Amino acid sequence: MEALPIKNALRSGDFISGVVLTALGIFIIVESSGWGYSSPDGPGPAFFPFWYGVGMIVLSLALIGSTLLRPTFNAGKPIDWPMTGRALGTWAAFALSIALMAPLGFIISFTLFTFLFVLIIFRQPVLTAALTAMFCTLGFEIIFPWALGLQLPVGIFGF
Amino acid sequence: MDVLSGLAHGFSVALQLNNLGWCFLGCFLGTVVGILPGLGPAATIAMLIPLTLKMDPASGIIMLAGIYYGAKYGGSTTSILLNIPGESSSVATCIDGYQMARKGRAGAALGIAAIASFIAGTFGVVALSLMAPPVAAFALSFNSQEYFALMVLGLALVVLLSGESLLKGLLALLVGLWLASIGTDLFSAQARFIFGQSELLGGLDFTVVAIGVFAIAEVMASIEDGEESQILPVPKGILNLLPNWQELKACRFAFFNGSVVGFILGVLPGAGATIASFVSYGLEKAVSRHPEKFGTGVPEGVAAPEGANNADTGGALVPLLTLGIPNGASTAIMLSALVLWGVRPGPMMIQESPTVFWGLVASMYIGNAMLIILNLPLVPLFAQILRLPVHMLFPLIFGVSMVGVYAATGNVFNLGLLSLFGLLGFVMRKLKFPATPLLLGFVLGDSMEQALRQSLMMSQGDPLTFVERPMSAIMLALAVIILISPLLGRLNRARLRAITENG
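Keeping their order, the protein sequence lines are chains A and B. Quick note: the first sequence, position 8, residue 8 per the numbering used here, numbers continuous. If you want the numbering used here, it's the position in the second sequence, counting the first as 1, plus 1000.
These are computed hints drawn from the structure, not numbers from a lab. For clarity, every value in this text was computed on a predicted model and none was experimentally measured.
Here are the simulated EDC-like cross-link-like pairs (lysine to aspartate or glutamate), alpha carbons at most 20 Å apart as the crow flies:
#1 B:Lys1432 - A:Asp80
#2 B:Lys1249 - B:Glu1292
#3 B:Lys1430 - A:Asp80
Away from chain B, derived, C-beta distances all over 10 Å, residues of chain A:
#4 Lys7
#5 Asn8
#6 Leu10
#7 Val19
#8 Ile108
#9 Val126
#10 Leu127
#11 Ile142
#12 Trp146
The beta-carbon is built from N, C-alpha and C at its ideal position, and this holds for glycine as well.
Full structure from sequences and hints, please.
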């Protein structure tokens, strides 16, 4: 346990998420203000969003307040950045493969994703990565489009 | 239709060859995901929903439910052999199960876990068969005020038990409600929060949110953890998997305790199988003649939590099927699947969709029998799954997630959203925001808004309508008590203890 300097509190996940959620609450209220709070039949489309938006602002301000006013701070387990980086790197590769899905289609983008994932994130030999990527994609092609008749994204190359 | 004729009808559905096949597939997949640490039933059910959309609703729910309760069976294998729970509900099983395995009684521990799961799972289904019709009949008197109050009460319980911080649970719930609002308002046709994207006019697809927040985030968290463990050997041959007479005798109260505690806590929203297994373990230890031996590898320390986490399944289906209120992530996903097939879970479900309701209940009797067969003689085979390298498993999960979302929505835009929700789920884990309230808020958001607005329309905008009806007033009062209870020091300490044990 150590005292929580204000600088640490401002950089803590709780403070940042509190700020983001306050902003989301404000956005919800501002956005819903144009839709009508009530109508002749009863509550309008803005009624429910307005109230949970208010709730979100109140609760996220409470989260910010409780973070800043906490007398002591349990730093907990420090973030293991190399391991977190592995997870985020995986996500980045996944997002990139989805971005490439429209132009390149499922087969190429998923093969590329699996190859890079096994090679870089799990540091396997190139041959292992290539074989894993090839057999995974082949398995998906056999099960979904051929056996189940499900259409997968097709790219500019026609597959 | 009374219980016996309902069950007869249910068995005529569940015993059809194709439904037996779906039941077996669900139980098999459930056992596999239960064994695999890092992939839970919620994520698996979410990934497979899109592939079941063209199925008959009875067959579809029979398979998805098989995954749900099959995972509870499979979770014990990893707990006993690796000391790593395959599911959060198997954490308590690690305590004595792994110690038994270290003493060379791995086979007996696996056998006791399977037998306890079978007894308690069957008890849970019998109790579900008997309780669901009267609960549904009682709920027929509910109108929109009671439904709104019931949803508030259910969500309050889920928030209370979902994480260390009540504030974070409530905030996750509100984000879920916001996500549910995205799309066209059903009352006024007003487009809400669509950010200029016409793809969002129909609202966010449930599979995108569920697969992203659970499956993708789970895999990312597993990659971050990157733990490697040594698996203990499993004895071959069914005789080596059977407990001896003394061990069975020691478990006789644990079988009963696990069944009753698991079912009762399963009915309550938010409590769930994990808490049920710890309560049952604690009760077993409290009444034991040798409590000091718990933690050193006593068979009843395996039987009680394993029984509880299986009886919980029957309990959890009571509010889901009779009130339309899920009590956790897996049941929330099953609720959405039923809605996608055009089935409305709630008090009218037994009358409107008897084939789905009784077919599901009957399939659970059959599924429990299938699972004990799968989990006793075939457990050495299933244990081999733990040797599958993760660098082969994870791309498959990513692939099934992508195919699932694409099959359900038919556009790449939703795949982009899938990656965003995956990142959101991962960030929520890192910041200790619970994901279950978000998913329940998202699933119940539309119904909650409808019930709220209908009630206020009927009362000409008078909010007192919610407290003028006794049932509604009681449920809202309970919800308020639940939400302010953590402010009372002793109650909060008890809540935190339950959550800490929850893992």
